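Asker: Residues per chain, in single letters:
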Amino acid sequence: MILASIVQLLSSAWLAGLVMLGLGFVFAVILLIAHEKLKVEVDPKIEQIHAALPNLDCGACGFAGCGGYAKGVMENPELIGRCSPGGADVSAQIAEILNLQVSESGPAKRPIVHCRAHTADKTYHAEYQGIPSCTAANALANAQACKFGCLGFGDCVSACKFDALHIVDGLATIDYAKCTGCTACSKACPRDLIEMVPFGQENMMTVACSSICTGKVTRAMCQVGCIGCGLCAKKSDAFTVQDNLARMNYANYAPSESNELALDKCPTCAIVYRGKTAPPPREPKTKPAAASKV
Amino acid sequence: MDTVYILITGFLSVVLINNLVLTKFLGICPYLGVSGRIDMAFGMGLAVTFVMTLSGTLTWLIDHLVLMPLGLEVTRYVCFILVIASAVQLVEMYLRKFFPSLYDSFGIFLPLITTNCAILGLCLFLNLWGTDSLLEAVVLSAGGGIGFTIAICIMAGIRENLQMVDVPEPLQGAPITLITAGILSLAFMGFAGII
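If you read the protein sequences in the order shown, they are chains A and B. The opening residue of the first sequence carries number 1 in the numbering used here; numbering runs sequentially from there. The opening residue of the second sequence carries number 1 in the numbering used here; numbering runs sequentially from there.
There may be inaccurate statements among the hints.
Far from chain B, by Cβ distances over 12 Å, these chain A residues were calculated [claimed, not checked]: (1) V7; (2) L18; (3) F27; (4) A34; (5) H35; (6) C58; (7) G65; (8) G67; (9) V90; (10) K109; (11) K147; (12) V168; (13) T173; (14) G200; (15) P279.
Straight-line Cα separation of at most 27 Å, DSS-like style, residue types lysine-lysine; simulated pairs [unchecked claim]: (16) A:K45 / B:K24; (17) A:K161 / A:K71; (18) B:K97 / A:K39; (19) B:K97 / A:K37.
Derived from the structure by calculation, the hints contain no laboratory data. From a predicted model like this one, the values you see are computed outputs, not experimental measurements. Every residue, glycine too, gets a C-beta built ideally from N, C-alpha and C.
Based on the sequences and whatever the hints tell you, model everything.
Answerer: This is the structure:
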């Protein structure tokens, strides 16, 4: 019974099967010819480089994704070392694939925020109720009194792909344990507060202010801004004062007694440590009287 | 003269009145997936048009020269899918060789044309509509592809403008896109009954 029905099925379906096989064969031949004619030579090295990359597609290298960077580095080996999430390991691997020697590029760069003012330290002339974005707020003159400080709407936070940046009490705060140095935040900040500096030490001493107003004006706007008094420059060679703002030579920074002294002497505590295990910043002992006036 | 008239009306019908996306609701996947930017939508439309014309013509030939004389109409689906899959492979190889940037920007959506139901739908519609000459089949398949391109480009244009609009929070993303698609589809249904 079952055998008979199978025989019947086969006897009526053989033609369909044959047609299908025939069609399949024809198309297979066409595709085979097309495959030979339209062959694209892909350098196996590009695939190797792509495999060595961290595949985060963060865009720190300047390409849209890791695939683009792999191709770019293949064509122009000078681009080795642009992959900041991968760091030195990945650079070495790429160099090995391309048979090149990679030169020492120095310590990895990490972002530092040139502001330390939390909401309580800032002064506002009016309440900002516009679009909650730093770029929008920055277009207004009076979103907050200080024209240089962190606005705290978190454009950098949304730019960060690694959850390494958060707004803490109105100040962008970097989690250096998660940061890969992809530079996305420093590009996102409309006030250019976030600078990429070579992190030679676990914790870096930084000038956490970018106000170039005179000391009097800065003090009226912010309790913890740099007033350009120059005390730090007198104590340590690492500091210079230019345009009412202390500047620091981050490339040559090393912990030293004179640097510590400069940090201790700063009247507004604008010099702070940043890094994975950074000690909490000093707080100014006496709040400047002018800051409470609006 | 009569043939020309039939061809023109048939073409207009498949582009506007019986638009595969907006009135038959076929090919919704790329319609919503690749309509974010107008240049990519246009590229996708062109690729679909090419595959549709090629596979519509081929399937019509296979249907009329092989399947119908042998009485094997039941195997239409399988054979048509075979044709479409091969055509997509061909397009993919061609794009990869000559338009690598377009190939990169399509990504996964290019192989997905294989499963684009608008194409299989059109191949089956050709039979349903009683297309009885090869020329008619070619014109209708090209029209189907052009109709798809028009629909996806209109959608991409609207979506590009929607990005600058203050959309209520619960409607952001997919919901507003689906609502837009529905209203657009309603608008195209206004063409019904013209020819």
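Asker: Each hint: holds or not?
Answerer: Tested hints:
no. : hint           : result
1   : V7             : holds, 20 Å
2   : L18            : violated, 9 Å
3   : F27            : violated, 4 Å
4   : A34            : violated, 5 Å
5   : H35            : violated, 7 Å
6   : C58            : holds, 18 Å
7   : G65            : violated, 10 Å
8   : G67            : violated, 8 Å
9   : V90            : holds, 22 Å
10  : K109           : holds, 29 Å
11  : K147           : holds, 28 Å
12  : V168           : holds, 25 Å
13  : T173           : holds, 27 Å
14  : G200           : holds, 39 Å
15  : P279           : holds, 41 Å
16  : A:K45 / B:K24  : violated, 47 Å
17  : A:K161 / A:K71 : holds, 23 Å
18  : B:K97 / A:K39  : holds, 7 Å
19  : B:K97 / A:K37  : holds, 10 Å
In summary, the structure is inconsistent with hints 2, 3, 4, 5, 7, 8 and 16 from the numbered list given earlier, while agreeing with the others.
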